[in-house]
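2 protein chains.
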Amino acid sequence: MKKINTSPISGAQELLPEQQATFNNLKNKIGEVYHAHGFLSIETPTIDRTEILFAKAGGDTEKQVYKVVKTAEAADEADQALRFDHTVPLARYVVEHESNLTFPFKVTQIGRNFRGERAQKGRFREFYQCDVDVIGRGNLPLAYDADIITTLLDAFEKFELGTPVLPRINNRKILNGLLMELGLNSQAGEVFDIIDHAEKVPPETTKANLEAAGLNKNEITKIVAFANLHGSREFVVKNLKSLGIKDELYNEGVDELDTVLGLIEAQGYQPEADMKIVRGLDYYTGTVFEFVLPEHREIGSVCGGGRYENLTGNFTEQLMPGVGGSIGLTRLFYVLNESGLIKDKMIKPLDYVIVPISENETEFAFETAGKLRAKGYKVDVNLTDKKLGDKLTYAAKIAKSGIVIGEDEVKSGALKAKDFETGETTELKI
Amino acid sequence: MKKINTSPISGAQELLPEQQATFNNLKNKIGEVYHAHGFLSIETPTIDRTEILFAKAGGDTEKQVYKVVKTAEAADEADQALRFDHTVPLARYVVEHESNLTFPFKVTQIGRNFRGERAQKGRFREFYQCDVDVIGRGNLPLAYDADIITTLLDAFEKFELGTPVLPRINNRKILNGLLMELGLNSQAGEVFDIIDHAEKVPPETTKANLEAAGLNKNEITKIVAFANLHGSREFVVKNLKSLGIKDELYNEGVDELDTVLGLIEAQGYQPEADMKIVRGLDYYTGTVFEFVLPEHREIGSVCGGGRYENLTGNFTEQLMPGVGGSIGLTRLFYVLNESGLIKDKMIKPLDYVIVPISENETEFAFETAGKLRAKGYKVDVNLTDKKLGDKLTYAAKIAKSGIVIGEDEVKSGALKAKDFETGETTELKI
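Chains as they are written, first to last, in my numbering: chain A, 1 to 430; chain B, 1001 to 1430.
Among these hints, one or two may not hold up.
Cut-off 20 Å, straight-line C-alpha distance, at most; resulting in silico cross-link-like pairs (PhoX-like, lysine-lysine) [said to hold, decoys possible]: (1) B:Lys1029 with A:Lys3; (2) B:Lys1029 with A:Lys375; (3) A:Lys416 with A:Lys397; (4) A:Lys371 with B:Lys1418.
Just so you know, the hints here were simulated from the structure itself, not pulled from any lab data.
Given the sequences, and given the hints that come with them, work out the whole structure.
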């Protein structure tokens, strides 16, 4: 027989059942929190027209898109590809269904996206993203920026990682305004990029990069000092105001940052203002944020997002400002595992495995399983003719407890469950 | 501005939030029932190597597969395509991870599959399938055939469709054995195909098709009479035994059918034995089944599956018999809607929308929302500066109840919730 390679494709995360149960648990918690905060669930197709997907994208993204070859039967004119994020299909969705939606449209998408990235540890080509967005029609109050961030913070709280989560928040108007004031608007793109990467390189490299972008020593000193500014709302806002910048956009940005942080604090969180957070994507226009685990800085950002004033600009003339954020769950699960943050939380997928000793007990085992399922338990009945010991080994691998049913148990109806972890046996009341 | 077509691709089901909530509710119920019956969740990648996907497939399936064009960055040698079902990736998964799995491996996969079918009402190119399978190593007791069927029946029960669900069950060994006895084994493929389609064409067409396959009048009469046999286990088994067929496979099939139906009856269901159920796919070797809604025959089969003795034959020499079934949820949701079976079950996605009258009440509204969320409710806070009436219209569209918070409410702490359906106002106790 010709040996076929049965490994999954490179860049896919294929989990064993116990790992999958833990992954699903995180995914379900995210969904529950999003719904609890009033976000409505939608799903967009995995396949979309390239005309849509490339309407805004460019450069790197376009290079990573998986195109789809249509079959003879499904032939139509448009080129198609796999979506690389939820944001572009969302823009299409709100324009397409606008008359049937309520605005502000608070929406969540949890699903797989696809990017043909270079193979690398911890990078995935097929991955889950768990997005929340609010889309307004005409305008969208700033309070929704805080709504997005506190929703995501609540999700991380429900993960119970046992390590703090720090939201680092900024507003792109501040740096944009500062660059205007310094007459550096033409270098804005480069400066944003350099600051976005500043934490991944030594400080000298950042200075060298700014010099290469054409900034003089004085400007570099100012930008570096600015980028290093971070801390509590009061501290950062005071410092930003003390710089004496007159630019209108700058001051609007500082006020917005102050307001958004204030609303987050009012809900019991301690966010940090951080001028180094600028986010790579062009479409962000105001608030931007990333979450980190301060005790595990090596992990990098675990969540990010921001405000985009004109998401749907390529599809409609109606102004539709939005704000959103995303948890990249496939990567998050991978890095949390690598850092040992969920190892001891591995979940046994089932509550009980019932082990009938012989075929005579099958019917009673079914009955017992039915009763336990009605109480919400996950229950398997082992129907094999293997030895009792083998059946219990099987049970211990996938379930928290095992229930052996023999002649005596059928007669008396008295059942005992053995907890595989503690070894304790308790009477089962059903 | 160039107008871009914002409709989803042809063959995709894109739902509005209220419809999506109903869809998700069905999907979650399926998952819960599968887990309750002891099936472990796994996910395989959407993209797989064509070498894997085409190992067993052929003909029509191959014509419908969407190939994926890799990007420059994700280049490797193997051709890749989107999976067209969960079964083939499952075969790859159990061979790849065999040493880390427990057998019998009870497994569920719920996810999207892709087939480039000709565009047609109610046919989808991207669709959810909700699969359950049990894979054995070496052998797999017949009782698991009943386990699969009762699990699927339990899922349909939880849907509360308000219309009965009938499991129609057969065993391919019976027809195979009959054809052997009649010396028609060389026409078996054609006869299976003709019987599989018999319900979609007039009886004369079926007879004509059998004649075209080379059967004589006597043989046709026998086959037609056989295919029309259906009813209770006792009735059908008695009739099958009374035909005096000596073929061993035939009698094995009858005994297996008897056993499987008996086990299903023991769990309180009334399945029907039905000789017309043969299933199109070649890989089924024993039990085959389909569910129908007898009061809505126009819908056709809503679920199907069967036993396959050698799923992994292309990947390993280890014999791994399996039995499985699948609910095609995207199509099911479509046909249930078309038949009016879930129209009045449309779910309001949220429990409450809180409407603060002015910005002064925002903080109190957040606090109230937090308390309600802690109780498990889905709660939105409307943060816009729209008129009260507009905010309530928004609330009524997406939530069961609305809570208005003004100065008085903040002072007194006494809150009232208005049920949008009944119009009743009740005091909120939190």
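Hint-by-hint comparison with the structure:
1. For the proposed pair lysine 1029 (chain B) and lysine 3 (chain A), the alpha carbon gap of about 39 Å is over 20 Å, so the pair is violated.
2. Distance restraint check for lysine 1029 (chain B) and lysine 375 (chain A): the Cα-Cα separation of roughly 15 Å lies within the 20 Å cut-off, and the hinted pair is therefore satisfied.
3. Straight-line distance between C-alpha atoms of lysine 416 (chain A) and lysine 397 (chain A) comes to about 19 Å, which keeps the hinted pair within the 20 Å bound.
4. The suggested pairing of lysine 371 (chain A) with lysine 1418 (chain B) is violated, with an alpha-carbon distance near 38 Å, which exceeds 20 Å.
In this structure, the hints that do not hold are numbers 1, 4, in rising order.
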